[in-house]
Amino acid sequence: MLSNRGFSSIELLAAFSILMLIMITLLPTVYVLKKEERILSQRRTVHSSLHDHLLGVLHTDNFHPSAFQEEIGTFTVHFTFTRQDHLIKGCASWNNAKQMEETSCLYGYPSE
Numbered sequence: 001m002l003s004n005r006g007f008s009s010i011e012l013l014a015a016f017s018i019l020m021l022i023m024i025t026l027l028p029t030v031y032v033l034k035k036e037e038r039i040l041s042q043r044r045t046v047h048s049s050l051h052d053h054l055l056g057v058l059h060t061d062n063f064h065p066s067a068f069q070e071e072i073g074t075f076t077v078h079f080t081f082t083r084q085d086h087l088i089k090g091c092a093s094w095n096n097a098k099q100m101e102e103t104s105c106l107y108g109y110p111s112e
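The opening residue of the sequence shown carries number 1 in the numbering used here; numbering runs sequentially from there.
Accuracy of the hints is not assured; some may be wrong.
The following label-pair restraints were derived from C-beta to C-beta distances [to be verified]:
#1 Pro28 / Glu70: 30 to 36 Å
#2 Asp52 / Ser17: 50 to 56 Å
#3 Ile72 / Thr29: 27 to 33 Å
#4 Leu33 / Gln84: 34 to 40 Å
#5 Phe75 / Pro28: 56 to 62 Å
#6 Ser9 / Ser49: 58 to 64 Å
Using 16 Å as the maximum straight-line C-alpha spacing, the simulated EDC-like pairs for lysine to aspartate or glutamate come out as follows [as the list claims (entries may be wrong)]:
#7 Lys89 / Asp52
#8 Lys98 / Glu37
#9 Lys98 / Glu36
None of these hints come from the bench; they were simulated from the model. Model, not experiment: these values are computed from the prediction. C-beta atoms are modelled at their ideal positions from N, C-alpha and C, and glycine is treated no differently.
Modelling step: build the complete structure from the supplied sequences, incorporating the hints.
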């Protein structure tokens with residue numbers, strides 16, 4: 001009779017190696033995807049807030065350039081509103097989840 005204990009150990013080692021290889025490959029990928037998801041969520045939230053503030057500025061009778069900051073969730077957003085040609089330009093800048101500064105601008109026609 002031949003003993004098959006060594007063969008079972010080799011199978012177990014091979015299966016464990018494959019499992020570890022999959023985990024080592026997938027965990028960093030999942031981490032990057034979650035971070036990018038947070039960045040897109042922040043960007044969507046800031047765009048929505050910038051749009052809301054720009055609508056408020058557009059519907060005022062006399063426009064004056066302004067700048068202010070606002071806490072949105074866990075990060076601070078700096079808003080600036082200026083006149084550019086016949087449009088009002090609203091910009092928002094913030095540090096994203098990767099701690100890189102992002103800036104987004106929207107334009108609108110003032111009410112007359």
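With 30 to 36 Å as the target window, see if Pro28 and Glu70 comply at their CB atoms.
The hint (30 to 36 Å, Cβ to Cβ) holds, given that Pro28 and Glu70 are roughly 34 Å apart.
Assess, step by step, whether the Cα of Lys98 is no farther than 16 Å from the Cα of Glu36, and give holds or violated.
holds (9 Å)
If you check the beta carbons of Asp52 and Ser17, does the distance land in 50 to 56 Å?
holds (54 Å)
So the hint says 58 to 64 Å: do the beta-carbon atoms of Ser9 and Ser49 match that?
At roughly 59 Å between Cβ atoms, Ser49 and Ser9 fall inside 58 to 64 Å, so the hint holds.
Thr29 and Ile72 - C-beta distance against the hinted 27 to 33 Å
Once the Cβ atoms are compared, 28 Å apart, the range 27 to 33 Å for Thr29 and Ile72 holds.
Please work out if Lys98 and Glu37 have their alpha carbons no farther apart than 16 Å.
Status holds; Cα separation ~11 Å.
Does Asp52 sit within 16 Å of Lys89, going by the straight-line distance between their CA atoms?
holds (13 Å)
Falls inside 34 to 40 Å, the C-beta gap from Leu33 to Gln84?
Cβ of Leu33 to Cβ of Gln84: about 37 Å, so the range 34 to 40 Å holds.
Phe75 versus Pro28 beta-carbon gap, inside 56 to 62 Å or not
violated (24 Å)
The structure shown violates just one earlier hint, number 5.
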